[in-house]
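From first to last, the protein sequence lines stand for chains A and B.
If you count the first sequence from 1, position 61 lands on 62 in my numbering, and the numbers rise without skipping.
If you count the second sequence from 1, position 8 lands on 12 in my numbering, and the numbers rise without skipping.
Calculated directly from the structure, the hints in this document are not laboratory data.
The reader is advised that the hints may include incorrect statements.
[Said to hold, decoys possible] Residues from chain B that face chain A, not an exhaustive set, calculated with beta carbons under 7 Å:
| no. | residue |
| --- | --- |
| 1 | P114 |
| 2 | R115 |
| 3 | A119 |
| 4 | G359 |
Quick caveat, the model's predicted, so the values are computed rather than measured.
Built from N, CA and C at the ideal position, the CB exists for glycine as well.
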Amino acid sequence: MKIIVDRARCEGHGLCEDVAPDLFSLDDDGELVVAHEGDELPEQSETAARAAVSSCPVAALRATP
Amino acid sequence: MRSSVSGLEHAPTPTYDEDLYRRAALLDPYPHYARLRALGPVVRLPRHRAFAVSRHAECKQVLLDDETFRSGAGVAMNPVINRMSRGTTLNSDGKEHQDRRDLVAHRLTPRALRAMEEVVDEKAAAVVDAALSRRHVDAVDDLARALPVAVVPDLVGWPLEGRDQLLRWAAATFDVLGPANRRAVRAVPAALAMTRFTKRVSRTRTLLPDSMGADLLRAVDEGRIGPSECPALLIDYVAPSLDTTISAISSAVRLLAEHRDQWALLKDDPSLVKAAVNEVVRFTSPIRAFSRRVHGNGVTLAGTPLPAGSRVLVLYASANRDERVFPSPDTFDITRDTSQQLGFGHGAHGCAGQGLARMETAAILRQLLAKVERIELRGTPTWGLNNVVRTHSSVPVELVPAASAAPDTRREP
Chain A
2 MKIIVDRARC
12 EGHGLCEDVA
22 PDLFSLDDDG
32 ELVVAHEGDE
42 LPEQSETAAR
52 AAVSSCPVAA
62 LRATP
Chain B
5 MRSSVSGLEH
15 APTPTYDEDL
25 YRRAALLDPY
35 PHYARLRALG
45 PVVRLPRHRA
55 FAVSRHAECK
65 QVLLDDETFR
75 SGAGVAMNPV
85 INRMSRGTTL
95 NSDGKEHQDR
105 RDLVAHRLTP
115 RALRAMEEVV
125 DEKAAAVVDA
135 ALSRRHVDAV
145 DDLARALPVA
155 VVPDLVGWPL
165 EGRDQLLRWA
175 AATFDVLGPA
185 NRRAVRAVPA
195 ALAMTRFTKR
205 VSRTRTLLPD
215 SMGADLLRAV
225 DEGRIGPSEC
235 PALLIDYVAP
245 SLDTTISAIS
255 SAVRLLAEHR
265 DQWALLKDDP
275 SLVKAAVNEV
285 VRFTSPIRAF
295 SRRVHGNGVT
305 LAGTPLPAGS
315 RVLVLYASAN
325 RDERVFPSPD
335 TFDITRDTSQ
345 QLGFGHGAHG
355 CAGQGLARME
365 TAAILRQLLA
375 KVERIELRGT
385 PTWGLNNVVR
395 THSSVPVELV
405 PAASAAPDTR
415 REP
């Protein structure tokens, strides 16, 4: 499973960071930093990643199978 | 999602024959929502010539499928306003919507809002100090209204002369989004007055500098939008930013007065404020519902065929009390997982101002936590009546000052 961020849509609300702080964080400029972005996620992170994708209020996150 | 559940394809669509917009239902909508959720994922509303979507999964599915469930033909429950409100961000789809949203999104991202945090905190401190000095206050007038009214018009660059009407106008722009009931019809003159005002300030360019409004004027000058688009977009920025946040703040105060245990949790750990704000929004759902129109050849939602042109009422307030997603949904619990709440909508049309709304509500709560020992209800809270926004008209409270914040009146002689 991979996480894909639509950067044009991401507005930096940071809800993914609340749900999955190990995978998502906002840097000092408020820019979203995603661990393993575009790479295969470790299996133990998949549940958290799915929850984060689902929490994004502007649907800027996607998970590929 | 549930849409693919087979075997339901030919089941008749349940019908709910109540008027969701009559006075009693506006004042106490939750029993209606519970019955709708129990009836099925999609329920026919003959009174409103629409289909109700009341469960969380299908609400979210509709909100994420902008291709099928269009906003461009309006999100109101009456055709007159749906025709009139073309040109707003709310009533548009696809690239047109994204372009309009991009005009302002850069001012509303949490990143941009960081620059405002200090000002919002200062204003929240002034609001809470003034309320505390009077001790007995109305949480609606004295806490909830004061902050958005102090913050939003400046952000939008609204001229000073037009501010005294703002709350009335903004409430009217929500009322007209209901069905064509008496409440909507009565709100039309105020909604039109707001339109006239925004037309005038767009023409005379009297919007304050360095604001969202000034950005719009620049976009007109640079040919990115037509001058005729400016008035509708101005309404778009102001109208949704007042009563909604007022609803959240006044509900927060009421709920924390009623739930001492939750107040105590926050007192012990103010870092829970962010979670508390999300739970307030879930529990209150300041915007009850908007509708969308089925585009193309029709669609099957949760086994229910919806013909092209059908209007679908997306009940955020019901989704937020869906027992399938939120255990004990009618319990106010700031420690629950609220990440799935739909109070700000979801997807491409998700509330653009949610960062600001969260910031304002959190700022008031942090000030209260720092300066108030406890909040006591001193009367029965009353709900206001509006076709779309659920908000209190009055929440009488006593703010009992924290020992450190109390005026020093007991000095030893």
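Right, here's what the structure says about each hint:
1. At about 5 Å, the closest approach between the beta carbon of P114(B) and any beta carbon in chain A falls short of 7 Å, and the interface hint on this residue holds.
2. With a least beta-carbon distance of about 3 Å to chain A, the hint placing R115(B) at the interface is held under the 7 Å criterion.
3. With a least beta-carbon distance of about 11 Å to chain A, the hint placing A119(B) at the interface is violated under the 7 Å criterion.
4. With 7 Å as the threshold, the beta carbon of G359(B) comes within range of chain A, its nearest partner Cβ sitting at about 6 Å, so the hint holds.
Comparing the model with each numbered hint stated earlier shows that hint 3 is the single one that does not hold.
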